[in-house]
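Participant: Sequence:
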Amino acid sequence: MKKRMCWLVCLISALGAGAQEIATTALPEGDVGLPYNATLTASNGTPPYAWSWSRSWNNFPYEVSSQPNSFAPVGTAQGWQSTWTDWYLPLPFAFPFGDETYTYCYVGLKGDIRLGDWDATIYVLQEDIDTTAGDVYILTEPGAITIRWDGVSYWDSLAQISLSVTLHSDGTMVMKYGAGNSSGGEIGLNGNGTYYTHPSSWQPMNYAPDIVFTPVVPGPVVHGLTLSSNGVISGTPTEPYNDGVVVTVEDDWGNTDQRWLPLRIHADRDEDGMLDVWERRIVDDNPADAITNVASVLRDDNYDGDLFSNIEEHILGFDPLVADGNVPDTMEEGLSLLGMAVTNDPDAARFNLIEECFVTVLATEPTNHSARVFRALSRLLNLTSADDLYDLAEQFGTTLNGNFVVTGDFDFDTAPLLDVVSDVAYTNILQALDASFADLETIPTNWTGAVEISTNYFPVDETVHADIGDLTMGKAILMGARSWLHTLHAQKFNIDYEKMVVPLEVPQTAITLDGSIGDWAGVPVQLQGSLDGSIDYVKGAWNGSSVYMLMAFNEVPFDLMGADATIRLGLESNVEVAVFPVWGYTNIWFSATASNTQDIAWIYTNGLLEVEIPVPPSIAVSNACITDAYAEFGEYVDYGWGWHWEQRDGDDVYSPENLPIDVFKQNHPEFLQSVRLEAELAVAKTNLQEAIDLAQLADGLIQARTDMLMHFIEYDPSNITERVEAFTRIQQAEDSLYAPVQFVVTNDLGEVQLDELVQLGALYQPTYLTRAMAPEFWQIMDQPMMDTLPDPTFGGILPNMTEGRKMAYLWKIDAPTDWDDDGIPNGWELEYFGNPTNAMADADGDGDGQTTGEEFLSGSNPTNGASFFKAAYAPATGVVSGIVISWQSEEERVYDVHWTPALDEPFQLLATGIHFPQGSYTDTVHAAASQGYYRVLARMPGGNDLDADGLPDDWEGMYFVDYSAAATGDGDGDGQDNISEFIAGTDPRDGGSYFAVTGVEPDAAGFVVEWISVPDRSYSVKWAPSAGGAFRTLQTGLAYPANSFTDTVHGVESIGFYRVDVERVEPPTVEGYWSVETFDGSPLDPGEYLNIEFYSDGYFDFWSDSDSGGGTYTLTGNALQMTFYNGLNLEGTVEGDTISGTLDEYGTPYSITIQRQ
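For the sequence shown, my numbering begins at 6 and goes up steadily by one.
Don't read these hints as lab results, they were simulated from the structure. Where a beta carbon is used, it is the ideal one built from N, C-alpha and C, also for glycine. A portion of the hints provided could be inaccurate.
Ranges between beta-carbon positions, derived for each pair [said to hold, decoys possible]:
(1) T468 <-> T137: 41 to 51 Å
(2) G310 <-> R734: 58 to 68 Å
(3) E1098 <-> V69: 35 to 45 Å
(4) T137 <-> T1138: 51 to 61 Å
(5) R734 <-> A31: 52 to 62 Å
(6) T1138 <-> V885: 52 to 62 Å
(7) R734 <-> E1082: 32 to 42 Å
(8) Y1151 <-> G996: 34 to 44 Å
(9) A184 <-> R734: 22 to 32 Å
(10) V1070 <-> G980: 22 to 32 Å
(11) E1068 <-> Q747: 34 to 44 Å
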């Protein structure tokens, strides 16, 4: 090992004091329609100064739109097949992005295009993409280049990813999405320090509409304002502006300085829904009246004394100083108002005008059914005008104006109880729902209508039609909302608002920091962790002089993560803390300076953290003083070059102030525990049935359409299967309102995904609200754990659900699959052993002869000695002759049946992929055999075997057109079925490719048996004295490239038979971290190290105490060849976690061993 050292010498020159700089630090605010003036100044430098300005990138320089999906599998494959690599790609033109242009980019496997560096990146779909079985494709056209990714998710080999982006020479970007992309990811742009995230981010993008980014042609920095070269900003703003401007100054010597300055131009300072420039006319009209500023122009006043209030005049565009205008009373005016309502900020006055307009139309045209439809819609919108709701806001101590701006502070003394709030909301909403339903109910069945709409999806106006099918589905939605409203109103909500403030004060003497939590009984939980998180809960209290905090960790994840942890304490006062570890807890003191910082505590803890924080009198702390907590588990690892913190898990919890309902649940188990109006539950149940019936009726009407018009509710023909499935479930839901119904859901392969007895009607029984909605108390806590339910049947909705099954479902959904890496999922261990790590895979706790791991695979009960997997056989009865092999079939298991004439003979596959609930197979081939043995193999389908036939999907995809090739098929007619050819490594499409002994020849030492050897296979040679005799094993474990064996024992035999068996072995891998253990036969010297990281794409990096670099490698079987970029070469053999080989260091060979870390 050679040590190298280099010296870096830097020359640094310091700028002299007095460099030119912009002296202006802020700009005055302005108003739309009013003159604006501001002067910029600079210090130092040499006048005269020349000033210029521009918008910052916060003013996003792109127009974002969508268009119908146009994804196509175009381009030429680049051979870019990897799981983690960026590829350099020259661009055929200078591509403008942000403030720069780029002639090259890097194509990444996170669905990203990096232009130069990470500060200029296009995120098409930020997901870890594996292209090893796919590729990246490039299509170059005049003025455009398309980059397309085709692969699967790195985390899920079944999750297809197909997407592309087209870059145009004018800077336009079009993101397109093909099949898959189910997990979603971030979509957006990062440029010049500004991040834009598209609303479709983290949504499934299976053939989603294209996303188009079109560069915005630069316009005025601020509309109506100009900046002169001598630094004067002037003019009259014509549009609101709330961002910043970048100003640049250059002095006479060419020295420049640049600064970002915030600038805001108001349109509506008092946020009353009326533009200030419009209100200013009223203010200036009569200097002698009491209206002296825009805030004194009130919405509901009527300044000009006509039929309209000030806000109505503003909405309708009337002159506020002249009594003029007509009441909106036509369809055209109503639709115009409706269009403005959905494209502008919401305003209660506008909704009120809409409803009044359609009421007027119907008074003169009672058969105008289109007007009736729009009145039904306007009645729901006009709920915002309900006086009761504004009165409620005042009772809470706040003011809600018609523009939905809330002012004021919550008043605990006057705030009405939640039951009162529920009553007010119920009365208003129910009235609107019923009125809208009545409007739709009176429309005849032969009515049709149409409306012109324009959206981002439709670049031009589209005519959308409506008929009785659309209206009936609308009625179904209204009736469903009515059911929900009755269900909610039936519940009792009497909760004291002051109880939202937690924790309660406790005496100082009640808490002792001693590592025990017994004295914390009765102290409310302030922060609550999730079921699968490392933080169980955080309790907090204070008594005026100290804050107390208890952080408890979930036992299992804490035990697995280890004891080292980083704990961040988020405190309400956000003051600096100092940390001093003590056994079992940590004392933390507030800084007397009360500076606005948070500190990080590095704590060696035993799973329990108690904190006392003495509070100086100068610092005010509320009862709810703990806002958040974060725990990061890991360990320090010595890599030779120094200690490094390796994170293994992290978890955080947040203040319940953001989740008031959860605060109620934590501190008040009586919440949602009682029913005040049982009759309403019965009404809600009836309404739900009516909603389902209407939805089914609407479905039939929509399906019966024969026109080719675009309707409000349309069915995509490609989704017919999903529609049928959805309405099947709807019918089952309706049936389960009155009697338990067995829900059975299967996937595309016919595998049962859900088989559950459901009685939805129990939702409308008081027992549901009193049993299932009450939070559960957890372990020794006096406070309930959120988001858990004590009744596994959910109040009778799932009659057959048990506590074990419920917890298994929860762990399956929310927790890591297998905490202790024993091959048994957490949920299964929890169900049978009470803890996700208690099961021992190799143990046989119930003494039935099958290990716990085997019982998991077969689906039997590992705690019951009478429950184990077994098969039986009996002669078939009836017309068909044969042998019936039977077994106990279990959910989520697949079965294969094998047969052999003798136990020392290999088993032959008879049937594969037998799914639950089938639990038998009839063998009609070997019924006449004098003897034989059957074997039934139970297995769980893996992620790479969609049809669960034992043939991996990638192998089937390599040789067949899809993933459904039969394991017992023999398409090439060579006498070996597909499963045999997979095991042997031969080609199932080539009749000349099959596994066989190629020769048995005598030599001086004995008989030489030969075969064709294939990588990742192991061979066994056997001998028998006769064709029907038992074979005896001569040699096993002959791994590739071994292709022969010399039998030195049976050379003198007059007759004999040889057989070679083949089995598939997992190929060795080297991906990950390795360290050199010995060099030239000796351990490394103290302080020396050489670490290597291998990547899946054939590259590696290394770093040592004296050097670093990289190279490429190939792994054939277990033979490793490494080529270093610095000229070194290594040849070695991989055996498990050890590499043994020879390093050629510029002609000198050294033996070397490398160990996996």
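Participant: With reference to the structure, classify each hint as holding or not holding.
Facilitator: Hints, one by one, checked against the model:
{"no.": "1", "hint": "T468 <-> T137: 41 to 51 Å", "verdict": "holds (48 Å)"}
{"no.": "2", "hint": "G310 <-> R734: 58 to 68 Å", "verdict": "holds (60 Å)"}
{"no.": "3", "hint": "E1098 <-> V69: 35 to 45 Å", "verdict": "holds (40 Å)"}
{"no.": "4", "hint": "T137 <-> T1138: 51 to 61 Å", "verdict": "violated (24 Å)"}
{"no.": "5", "hint": "R734 <-> A31: 52 to 62 Å", "verdict": "holds (60 Å)"}
{"no.": "6", "hint": "T1138 <-> V885: 52 to 62 Å", "verdict": "holds (55 Å)"}
{"no.": "7", "hint": "R734 <-> E1082: 32 to 42 Å", "verdict": "violated (59 Å)"}
{"no.": "8", "hint": "Y1151 <-> G996: 34 to 44 Å", "verdict": "violated (52 Å)"}
{"no.": "9", "hint": "A184 <-> R734: 22 to 32 Å", "verdict": "holds (25 Å)"}
{"no.": "10", "hint": "V1070 <-> G980: 22 to 32 Å", "verdict": "holds (24 Å)"}
{"no.": "11", "hint": "E1068 <-> Q747: 34 to 44 Å", "verdict": "holds (43 Å)"}
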